[in-house]
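Following the hints, position chain B against chain A.
Here the protein sequences come in this chain order: A and B. Residues in the first sequence are numbered consecutively from 621, following our numbering. Residues in the second sequence are numbered consecutively from 17, following our numbering.
No wet-lab data here; the hints were simulated from the structure. Just so we're clear, the structure is a prediction, and the values are computed from it rather than from any experiment. All C-beta atoms, glycine included, are put in the ideal place defined by N, C-alpha and C. Hints may contain errors.
Said to hold, decoys possible - Which chain B residues stay away from chain A? Per the calculated CB distances, all over 10 angstroms, these:
#	residue
1	28
2	29
3	33
4	37
5	40
6	41
7	73
8	84
9	92
10	96
11	98
12	101
Stated by the list, open to error - The calculated DSBU-like cross-link candidates involving lysine-lysine, where the alpha carbons are at most 30 angstroms apart (straight line), are:
#	chain 1	residue 1	chain 2	residue 2
13	A	730	A	691
14	A	691	A	731
15	B	43	A	691
16	A	731	B	43
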Amino acid sequence: MVLFFWSLILCILMTGIILIFLIQALRVNRERKNRHPISFLLPVALTIVFLYLSINLTIPRFLDLVNLLSKTYSIEEIEVPENGLGWNTLLTADHRYFYNQWEIELEDGKKYRIEYTPRSYYLVRATLVETLEVSTRAIGISNETTESIATEESIAQENE
Amino acid sequence: MVVASVRVLNPAGLHARLASLLCARAKAFQANIVIRASGYYISARNILDMMAANVRCGEVIVIHCDGQDEANALLALCEFIANLSE
Numbered sequence: 621m622v623l624f625f626w627s628l629i630l631c632i633l634m635t636g637i638i639l640i641f642l643i644q645a646l647r648v649n650r651e652r653k654n655r656h657p658i659s660f661l662l663p664v665a666l667t668i669v670f671l672y673l674s675i676n677l678t679i680p681r682f683l684d685l686v687n688l689l690s691k692t693y694s695i696e697e698i699e700v701p702e703n704g705l706g707w708n709t710l711l712t713a714d715h716r717y718f719y720n721q722w723e724i725e726l727e728d729g730k731k732y733r734i735e736y737t738p739r740s741y742y743l744v745r746a747t748l749v750e751t752l753e754v755s756t757r758a759i760g761i762s763n764e765t766t767e768s769i770a771t772e773e774s775i776a777q778e779n780e
Numbered sequence: 017m018v019v020a021s022v023r024v025l026n027p028a029g030l031h032a033r034l035a036s037l038l039c040a041r042a043k044a045f046q047a048n049i050v051i052r053a054s055g056y057y058i059s060a061r062n063i064l065d066m067m068a069a070n071v072r073c074g075e076v077i078v079i080h081c082d083g084q085d086e087a088n089a090l091l092a093l094c095e096f097i098a099n100l101s102e
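Pulled out of the complex, with its shape left as it was, chain B reads as follows:
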């Protein structure tokens, strides 16, 4: 299992469109990806959970990846979240 924390710097936070893009990226990997945000664990593949987490600007989220391509998945998601733009 690999873990990393990322701060969401997008002014609008992780809104619906970005959440859907994040889910699409997460689904591209075999690894099981779980995100800890706002004190809750959510599946990165589940767009409704991602939106319900209501991740705001400046919030730090922790990404847990577990599986075959865990390193690649973690890198891709961290890169995506770090480079978010509205």
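Chain A extracted, bound-state conformation:
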């Protein structure tokens, strides 16, 4: 959570600074006070950077604020690949997830049920699947239940 908010603040600051530079560059162009002829193109470059930062970093984090406040996260079961753990990042075949390694502990090769923000992929919670299975068996969930789940999974795998 802390990591998410820091990154959100950082992204807003970066986007804001680029926007200020862009407005200044446009003002200089309008007043024709460019020192170098090539600086006429500066707004174009700044617009590209601004759009890239906004679309890829700031907007997804900003939209995920709603999910954080309402505690509605996307949930998935993943297996941590070998060498998939980096500095605060988890790289799987599908996505790159961000997580706070002082808050969430992940180990290579283990299966986790992860809860993450749907657009910016920040891990909020990770539960070891073994723990879930143990607690499921402990309360004596009938074999019928686990069988029905297993059957659904096998059907899904067959369909894939």
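Structure of chain B alone, referenced to chain A:
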């Protein structure tokens, strides 16, 4: 963490209106509530995920509750699902 499995006996399954009622109940608790249905994990607070899971009559769903009031949350949700009516 507490876990329970419930069979959905409502003939129409867990349709939109019931899903919204279930979400409203889940939101009333502090505990983190995750439902395993149709082979997928879904958040009980997310109505769109609940509807997308397309839980049908006779299907068994597993409810995982984790947090302060997990026992109460589990009991309330199990009771709600067991007593569903169209």
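Hints versus structure:
1. 28: 19 angstroms, holds
2. 29: 15 angstroms, holds
3. 33: Check passes; 19 angstroms lies beyond 10 angstroms.
4. 37: For residue 37 of chain B, whose nearest Cβ neighbour in chain A is about 16 angstroms away, the distance exceeds 10 angstroms, so it holds.
5. 40: Non-interface label on residue 40 of chain B holds, nearest chain A Cβ at 12 angstroms vs cutoff 10 angstroms.
6. 41: 14 angstroms, holds
7. 73: 13 angstroms, holds
8. 84: Given a closest Cβ separation of 13 angstroms, the condition holds.
9. 92: Correct as stated: the minimum Cβ-Cβ distance to chain A is 17 angstroms, above 10 angstroms.
10. 96: Residue 96 of chain B is indeed farther than 10 angstroms from all Cβ atoms of chain A, at 18 angstroms.
11. 98: 14 angstroms, holds
12. 101: Nearest chain A Cβ is 23 angstroms from residue 101 of chain B, so the label holds.
13. A/730 <-> A/691: Answer holds: residue 730 of chain A to residue 691 of chain A is near 25 angstroms, not above 30 angstroms.
14. A/691 <-> A/731: 23 angstroms, holds
15. B/43 <-> A/691: At roughly 9 angstroms apart (the allowed maximum being 30 angstroms), residue 691 of chain A and residue 43 of chain B satisfy the hint.
16. A/731 <-> B/43: Holds, at about 28 angstroms.
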